[in-house]
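First to last, the protein sequences are chains A and B. Take our numbering: the last position of the first sequence gets the number 295, and nothing is skipped along the way. Take our numbering: the last position of the second sequence gets the number 343, and nothing is skipped along the way.
These are calculated hints, taken from the structure and not from any lab test. Fair warning: this is a prediction, and the values are worked out from it, not measured in the lab. Check before you lean on any hint, since a few could be wrong.
With the C-beta cut set under 7 Å, the calculated list includes, among others, these residues of chain B facing chain A [claimed, not checked]:
#1 R299
#2 R301
#3 I316
Far from chain B by the CB rule (all over 10 Å, computed), these chain A residues [what the hints assert, rightly or not]:
#4 F18
#5 H22
#6 I31
#7 C40
#8 A60
#9 V78
#10 K113
#11 C149
#12 E150
#13 L183
#14 I194
#15 S230
#16 A238
#17 V263
The beta carbon of each residue, even a glycine, is placed where N, CA and C say it ideally should be.
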Amino acid sequence: MKSIDIKRKLIQIAAFGFTNFHMGNFAKGQIYNGKWKQFCSPGLNCYSCPAANLACPIGAMQSVASSSMKFSFYVVGVLMAIGVVLGRGVCGYLCPFGLLQELLFKIKSPKIKIPKFLTWTKYVILVLFVIVLPALWVSSLGIAKPWFCEYICPVGTLEAGIPLLLVNAGLRNIIGPIFSLKLGILIAVIVLSIVCYRFFCKVMCPLGAIYGLLNKVSLLHIECDKRKCSSCGLCSKACGMAVNPALNSRSPECILCGKCVGVCKREALRLIMINRKDVNKDIDIKDSKSFKNNI
Amino acid sequence: MNNRIRMVARIIVMLTGIGFIAIGVNRGEMVIVLRKAIMVCLECIGLG
Numbered sequence: 001m002k003s004i005d006i007k008r009k010l011i012q013i014a015a016f017g018f019t020n021f022h023m024g025n026f027a028k029g030q031i032y033n034g035k036w037k038q039f040c041s042p043g044l045n046c047y048s049c050p051a052a053n054l055a056c057p058i059g060a061m062q063s064v065a066s067s068s069m070k071f072s073f074y075v076v077g078v079l080m081a082i083g084v085v086l087g088r089g090v091c092g093y094l095c096p097f098g099l100l101q102e103l104l105f106k107i108k109s110p111k112i113k114i115p116k117f118l119t120w121t122k123y124v125i126l127v128l129f130v131i132v133l134p135a136l137w138v139s140s141l142g143i144a145k146p147w148f149c150e151y152i153c154p155v156g157t158l159e160a161g162i163p164l165l166l167v168n169a170g171l172r173n174i175i176g177p178i179f180s181l182k183l184g185i186l187i188a189v190i191v192l193s194i195v196c197y198r199f200f201c202k203v204m205c206p207l208g209a210i211y212g213l214l215n216k217v218s219l220l221h222i223e224c225d226k227r228k229c230s231s232c233g234l235c236s237k238a239c240g241m242a243v244n245p246a247l248n249s250r251s252p253e254c255i256l257c258g259k260c261v262g263v264c265k266r267e268a269l270r271l272i273m274i275n276r277k278d279v280n281k282d283i284d285i286k287d288s289k290s291f292k293n294n295i
Numbered sequence: 296m297n298n299r300i301r302m303v304a305r306i307i308v309m310l311t312g313i314g315f316i317a318i319g320v321n322r323g324e325m326v327i328v329l330r331k332a333i334m335v336c337l338e339c340i341g342l343g
């Protein structure tokens, strides 16, 4: 494992621990209800998870949308502020469900690649299930609901549904067809995450869709020095998210994990916070130390 | 997108984000978020 991978794993574990600070609540079958819950976590993490320390931004966005306010300036503002700094680096470093999917992908099995057009599904889910339906669809009783959480989100089923149902007999008595649907989605996502790298992030995650759009302007980004790049294709082969950083280093699919940086023999790729000024200037590749090492 | 345009876009997004947070906090959205997040969300766990 390369040092960039080790650093990323350590950050992921630390972020998982901070977002799910109250592990003791799993045994008690209750959730944390302190003041921290008014703040949104950067990654997808169900606020009904017994251990959760912060609010889920997608759940929070829907709960405000289904109130009289219809649009959450607070949550969208938080996502914009985080996204403009980290872009989809949030998915690569801070999302607990992202870490879980990476661990699932380590299970030995045949691996598949999904068709590229499926990555558009997450934008449909974002617009329809997170923004439009919670704000516009109201039942005959005048109640709006969080459509993504209720009908799709496998994170809520895994982190909150199953643990709470295991210790709470009262909740078990009201299990209905929606739980079966969500359990089916969870099982499908787990199986697909074993055979396809970060299946949920690629196809279903509305939070990844938002951060992906902000990859175009984010401070944290992959930079490709075209003068050093030999178009060897090692970077795109190493990328689990099916991105070619040499062609599009700011792809909305890039989670800024840095695997491409680790495999680039010419040091043409860098994961950086600010722009490197010399990247477009004339650089004599033959003078480069790394180039000499490779030939 | 060249670097100057990207920098301007970045500043606009950051300022809009901060402005949105201020508007949201001012109209009490954090209270709605807190109220929802401290109760078990039956929809989230598939019982709603």
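F18 of chain A and chain B, when compared Cβ to Cβ, separated by more than 10 Å: 16 Å, holds
Minimum beta-carbon distance criterion (7 Å), R301 of chain B to chain A: OK, holds: R301 of chain B within 7 Å of chain A, min 6 Å.
Would you check whether the claim that H22 of chain A is not at the interface survives, using Cβ distances to chain B and the 10 Å cut-off? 12 Å, holds
According to the definition I'm using, a residue is off the interface if its beta carbon is farther than 10 Å from all beta carbons of the partner; does K113 of chain A meet that for chain B? 28 Å, holds
Consistency of the no-contact label for C40 of chain A, given chain B and a CB cut of 10 Å: Since the minimum Cβ distance to chain B is about 7 Å, C40 of chain A lies within 10 Å and the statement is violated.
For A238 of chain A, is the shortest beta carbon distance to chain B beyond 10 Å? 25 Å, holds
10 Å Cβ clearance of L183 of chain A from chain B: L183 of chain A is in fact no farther than 10 Å from some Cβ atom of chain B, at 7 Å.
Once the closest CB in chain B is found, is it more than 10 Å from A60 of chain A? Contrary to the label, A60 of chain A does not stay out of reach of chain B, its closest Cβ about 4 Å off (not over 10 Å).
Would the hint on I316 of chain B stand, with a C-beta cut-off of 7 Å toward chain A? 4 Å, holds
Please confirm whether C149 of chain A is truly not at the interface, meaning its C-beta sits more than 10 Å away from all C-beta atoms of chain B. 4 Å, violated
Agreement of hint R299 of chain B with chain A interface, Cβ distance less than 7 Å: Violated: closest Cβ of chain A sits about 10 Å from R299 of chain B, beyond 7 Å.
Just want to verify: V263 of chain A was marked as not at the interface with chain B; is every Cβ pair farther apart than 10 Å? 26 Å, holds
Violated hints for the displayed structure, listed by number in ascending order: 1, 6, 7, 8, 9, 11, 12, 13.
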